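Engineer: Here the protein sequences line up with chains P and L, keeping their order.
Take the first sequence: its position 71, counting from 1, is numbered 71 in this note's numbering, and each next residue is one higher.
Take the second sequence: its position 252, counting from 1, is numbered 252 in this note's numbering, and each next residue is one higher.
Please keep in mind that the hints were generated in silico from the structure rather than gathered at the bench.
Quantities reported herein were computed from a predicted structural model and do not represent experimental measurements.
Glycine is no exception: its CB is placed at the ideal position from the N, C-alpha and C atoms.
There may be inaccurate statements among the hints.
A few chain P residues that face chain L, going by a derived Cβ cut-off under 10 Å, partial list only [what the hints assert, rightly or not]:
1. W77
2. S108
3. E377
4. I380
Protein chains: 2
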Amino acid sequence: MKNRKILLSENEIPEHWYNIVADMPNKPLPPLHPGTREPIGPEALAPLFPMELIKQEVSAEKYVEIPDQVRDIYKMWRSTPLFRAYNLEKALDTPAKIYYKYEGVSPSGSHKPNTAVAQAYYNKQEGVKRITTETGAGQWGSALSFACNHFDIECEVYMVKISYHHKPYRKLMMNTWGAQVYASPTDLTEAGRKVLADDPDSPGSLGIAISEAVERAATDEHTKYSLGSVLNHVLLHQTVVGQEAVKQMEMAGDMPDIVIAPFGGGSNFAGLTFPFLRLNLEEGKNIRCIASEPASCPKLTRGVFRYDFGDTVGMTPLLPMYTLGHNFVPAPIHAGGLRYHGAGVIVSQLLKDKLIEARAHDNLEVFEAGVTFAKAEGIIPAPEANHGIATAIQEALKCKEEGVSRTILFNMCGHGHFDMKAYEDYFAGKLTKHELSTADIEASLAELDTPVPE
Amino acid sequence: MKNRKILLSENEIPEHWYNIVADMPNKPLPPLHPGTREPIGPEALAPLFPMELIKQEVSAEKYVEIPDQVRDIYKMWRSTPLFRAYNLEKALDTPAKIYYKYEGVSPSGSHKPNTAVAQAYYNKQEGVKRITTETGAGQWGSALSFACNHFDIECEVYMVKISYHHKPYRKLMMNTWGAQVYASPTDLTEAGRKVLADDPDSPGSLGIAISEAVERAATDEHTKYSLGSVLNHVLLHQTVVGQEAVKQMEMAGDMPDIVIAPFGGGSNFAGLTFPFLRLNLEEGKNIRCIASEPASCPKLTRGVFRYDFGDTVGMTPLLPMYTLGHNFVPAPIHAGGLRYHGAGVIVSQLLKDKLIEARAHDNLEVFEAGVTFAKAEGIIPAPEANHGIATAIQEALKCKEEGVSRTILFNMCGHGHFDMKAYEDYFAGKLTKHELSTADIEASLAELDTPVPE
Numbered sequence: 001m002k003n004r005k006i007l008l009s010e011n012e013i014p015e016h017w018y019n020i021v022a023d024m025p026n027k028p029l030p031p032l033h034p035g036t037r038e039p040i041g042p043e044a045l046a047p048l049f050p051m052e053l054i055k056q057e058v059s060a061e062k063y064v065e066i067p068d069q070v071r072d073i074y075k076m077w078r079s080t081p082l083f084r085a086y087n088l089e090k091a092l093d094t095p096a097k098i099y100y101k102y103e104g105v106s107p108s109g110s111h112k113p114n115t116a117v118a119q120a121y122y123n124k125q126e127g128v129k130r131i132t133t134e135t136g137a138g139q140w141g142s143a144l145s146f147a148c149n150h151f152d153i154e155c156e157v158y159m160v161k162i163s164y165h166h167k168p169y170r171k172l173m174m175n176t177w178g179a180q181v182y183a184s185p186t187d188l189t190e191a192g193r194k195v196l197a198d199d200p201d202s203p204g205s206l207g208i209a210i211s212e213a214v215e216r217a218a219t220d221e222h223t224k225y226s227l228g229s230v231l232n233h234v235l236l237h238q239t240v241v242g243q244e245a246v247k248q249m250e251m252a253g254d255m256p257d258i259v260i261a262p263f264g265g266g267s268n269f270a271g272l273t274f275p276f277l278r279l280n281l282e283e284g285k286n287i288r289c290i291a292s293e294p295a296s297c298p299k300l301t302r303g304v305f306r307y308d309f310g311d312t313v314g315m316t317p318l319l320p321m322y323t324l325g326h327n328f329v330p331a332p333i334h335a336g337g338l339r340y341h342g343a344g345v346i347v348s349q350l351l352k353d354k355l356i357e358a359r360a361h362d363n364l365e366v367f368e369a370g371v372t373f374a375k376a377e378g379i380i381p382a383p384e385a386n387h388g389i390a391t392a393i394q395e396a397l398k399c400k401e402e403g404v405s406r407t408i409l410f411n412m413c414g415h416g417h418f419d420m421k422a423y424e425d426y427f428a429g430k431l432t433k434h435e436l437s438t439a440d441i442e443a444s445l446a447e448l449d450t451p452v453p454e
Numbered sequence: 001m002k003n004r005k006i007l008l009s010e011n012e013i014p015e016h017w018y019n020i021v022a023d024m025p026n027k028p029l030p031p032l033h034p035g036t037r038e039p040i041g042p043e044a045l046a047p048l049f050p051m052e053l054i055k056q057e058v059s060a061e062k063y064v065e066i067p068d069q070v071r072d073i074y075k076m077w078r079s080t081p082l083f084r085a086y087n088l089e090k091a092l093d094t095p096a097k098i099y100y101k102y103e104g105v106s107p108s109g110s111h112k113p114n115t116a117v118a119q120a121y122y123n124k125q126e127g128v129k130r131i132t133t134e135t136g137a138g139q140w141g142s143a144l145s146f147a148c149n150h151f152d153i154e155c156e157v158y159m160v161k162i163s164y165h166h167k168p169y170r171k172l173m174m175n176t177w178g179a180q181v182y183a184s185p186t187d188l189t190e191a192g193r194k195v196l197a198d199d200p201d202s203p204g205s206l207g208i209a210i211s212e213a214v215e216r217a218a219t220d221e222h223t224k225y226s227l228g229s230v231l232n233h234v235l236l237h238q239t240v241v242g243q244e245a246v247k248q249m250e251m252a253g254d255m256p257d258i259v260i261a262p263f264g265g266g267s268n269f270a271g272l273t274f275p276f277l278r279l280n281l282e283e284g285k286n287i288r289c290i291a292s293e294p295a296s297c298p299k300l301t302r303g304v305f306r307y308d309f310g311d312t313v314g315m316t317p318l319l320p321m322y323t324l325g326h327n328f329v330p331a332p333i334h335a336g337g338l339r340y341h342g343a344g345v346i347v348s349q350l351l352k353d354k355l356i357e358a359r360a361h362d363n364l365e366v367f368e369a370g371v372t373f374a375k376a377e378g379i380i381p382a383p384e385a386n387h388g389i390a391t392a393i394q395e396a397l398k399c400k401e402e403g404v405s406r407t408i409l410f411n412m413c414g415h416g417h418f419d420m421k422a423y424e425d426y427f428a429g430k431l432t433k434h435e436l437s438t439a440d441i442e443a444s445l446a447e448l449d450t451p452v453p454e
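Please model the entire structure based on the sequences and the hints provided.
Structural biologist: Below you can see the structure in the form of structure tokens.
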């Protein structure tokens with residue numbers, strides 16, 4: 001009988017995070033001050049983040065050592081299993097070999113704790129008493145709540161009000177780990193009160209929740225802010241995923257031709273692919289890395305490379321990114337974690353340099369892929385994860401058409417136990433194809449008055 | 001750094017199930033015909049179960065080989081990890097060493113697929129086209145849906161109507177794996193129609209759902225029925241859990257003084273403890289095995305050893321069991337999997353012979369234990385699992401009081417991702433202590449006119 005899983009011992013959890021900046025042929029361009037539009041240095045981030053994370057944000061060192069205390073908490077669920085998807089291969093009747101790295105075994109059910117634990121640790125080291133953040137679908141808020149609980153740091157989560165009411169179990173998960181969860185907009189912040197004064201029934205948005213979380217951190221010396229994707233240090237922490245996967249593929253006596261991961265801000269994608277990209281950049285391998293994004297929020301496939309704001313209000317530094325414009329409002333798909341207008345700086349540069357690829361999938365297509373996967377492999381995936389599965393299935397079917405075998409690896413980044421409402425809507429035929437017109441994208445981009453990178 | 005988990009390779013998944021009957025000093029008494037009250041043979045079960053499972057039900061062979069196809073599906077999640085609960089030990093400040101076996105990594109999130117897969121396999125071997133079952137909280141229905149999907153057998157689940165409406169996500173999980181789920185009582189069966197004629201708004205009950213599922217199987221030659229606990233063959237299949245745990249404890253260089261598991265009908269408890277009881281019976285070891293039951297359904301601690309029916313209606317054979325009487329209606333606690341009036345035959349005999357112990361916990365106490373566990377170890381447990389955790393915490397605190405270290409192992413039989421409503425009620429102060437009066441138990445037992453075993 002063939003083995004389905006490739007497991008590593010706890011001693012094989014990586015000892016370093018891999019910083020791809022060291023190997024990039026073109027380094028990321030600098031962030032610009034939102035007002036002066038001049039390049040800014042790391043000190044501009046000091047009110048929001050602890051110094052060690054800021055150092056990582058701007059580091060060009062190839063490897064960053066993972067502190068023992070972080071690795072010790074990683075051991076609560078890492079290393080994560082690498083599965084050979086024999087059942088899915090059979091269901092698709094494909095000559096392709098399909099593997100997936102399963103990050104849903106973490107306590108909060110996704111890859112997010114990989115960075116949440118690291119961020120909580122560095123905050124604790126620098127005496128921070130409270131961390132604020134925003135959350136939409138709730139994956140990130142859960143992960144940070146879990147992490148803060150372990151370092152005895154207060155955690156304050158601003159959860160988009162409509163999600164707060166739609167996803168009470170995500171909120172309860174955060175409460176169970178001791179976090180305070182507020183339905184944003186709140187009357188606890190200037191930003192929230194302003195929104196409520198204009199519209200007492202505001203359903204909230206990720207942009208508003210970010211403003212609230214940032215304001216709390218900026219106005220209290222014992223409080224810092226934390227972000228779950230996009231930034232360089234967040235992508236860095238996720239590279240434990242790909243480093244384990246490289247080792248596990250070697251143990252399987254195989255190496256992927258194609259590595260696939262869902263794409264929101266970039267941390268999911270970076271986590272799995274960067275250690276494989278290292279093999280391309282360092283050893284001349286030719287592994288294709290594909291980012292899977294929703295057709296309703298196609299920054300990589302239909303956006304432009306441009307300086308843009310990270311938030312809706314325009315308070316953050318300007319970052320060089322693939323973007324749909326910071327005012328772009330994606331359709332309310334269930335994969336809340338992928339509804340972000342822009343891509344992280346590193347991933348944007350890699351795409352510009354054609355070192356990675358991107359592909360967009362329609363909402364119906366991704367749920368069809370998710371159900372096919374669930375029936376074959378047993379695990380019910382998160383809506384975000386379904387995007388990577390959709391690309392993997394496309395590539396596997398292409399192998400079948402062409403009569404060739406390729407080795408495909410994707411990031412099964414989380415389970416869908418808290419997203420069953422999405423499946424209910426899918427089965428009930430309530431999900432519709434979102435046609436995003438070019439005119440709508442152009443209109444959003446036309447509002448940008450920010451610099452075009454050289 | 002210390003290791004938190006002890007893992008086995010897929011090749012170390014047990015090759016046999018362990019049948020404790022072979023080692024029991026007093027063998028279980030025979031079942032009686034519900035009408036004649038004379039001992040019945042295995043042929044009486046033939047309309048409902050495939051022959052191979054009936055053979056296992058009455059087998060006295062010490063080991064039953066696990067078919068390769070079953071082990072192959074086990075590999076989708078087995079072996080399951082054994083955790084050393086360092087964080088919980090620290091939180092309790094106890095000298096005890098605490099371990100837990102985590103069965104929540106299965107696709108449906110509990111230990112239930114261990115028997116569901118085996119049962120689906122044997123049904124498939126004998127050409128069965130459809131399997132019916134009942135489910136309350138939904139753990140069992142999910143597991144059987146998953147298993148039937150893999151053997152391409154239709155699965156029909158009669159879900160207690162009130163649960164069907166309260167737990168839509170459990171139902172959706174079953175649908176995702178292709179099962180038909182009906183809100184019981186239905187108009188598809190004689191039994192259901194009769195109930196609906198009397199009370200069109202009936203919320204259903206496990207007893208009614210069993211009647212519907214059994215009727216469907218009994219009246220269609222291609223359809224069989226499946227049960228998720230209580231019966232000997234179900235307990236047998238769960239022994240993969242304890243066999244793995246024995247090996248993992250040996251790898252840890254340790255052996256438990258106390259082994260603990262939640263108790264509903266007995267399969268959860270049997271799964272973990274029987275392979276340790278084998279060490280007592282065969283090698284003279286003295287490992288205490290404790291069954292943890294809800295104070296609102298205390299068949300082991302406050303019931304009587306008596307012949308009783310397995311169902312409410314009185315259609316099943318009479319079994320010698322610890323029971324509260326088949327008409328006993330437990331309070332509607334969230335741990336739906338433990339709301340059963342009787343204990344499996346084997347476990348009942350073991351308790352009568354004082355080879356195992358039992359302990360009851362109040363509903364509030366178990367949720368307090370669950371939250372303590374979730375904060376320390378990260379995983380949010382199912383309400384059923386919280387009962388075992390409550391006993392483990394009691395024993396660990398006793399070690400602290402006495403200033404001695406003992407090694408405690410418990411079955412963390414499933415996660416609570418589909419039970420967050422229970423935690424919501426707990427946090428909101430809606431759970432109350434259920435005081436079950438002796439008069440109520442006596443009244444229920446007084447209705448029994450069934451034989452008292454010699």
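Engineer: Would you mind marking each hint as holding or not holding in the structure?
Structural biologist: Hints versus structure:
Checking W77 (chain P) against chain L: minimum C-beta separation of about 7 Å stays under 10 Å; hint holds. With 10 Å as the threshold, the beta carbon of S108 (chain P) comes within range of chain L, its nearest partner Cβ sitting at about 8 Å, so the hint holds. Hint on E377 (chain P) holds. Least Cβ distance to chain L is approximately 7 Å, under the 10 Å limit. The interface hint given for I380 (chain P) is met, as the beta carbon of that residue sits about 6 Å from the closest beta carbon of chain L, less than 10 Å.
Violation of the numbered hints given earlier is absent; every hint is satisfied by the structure.
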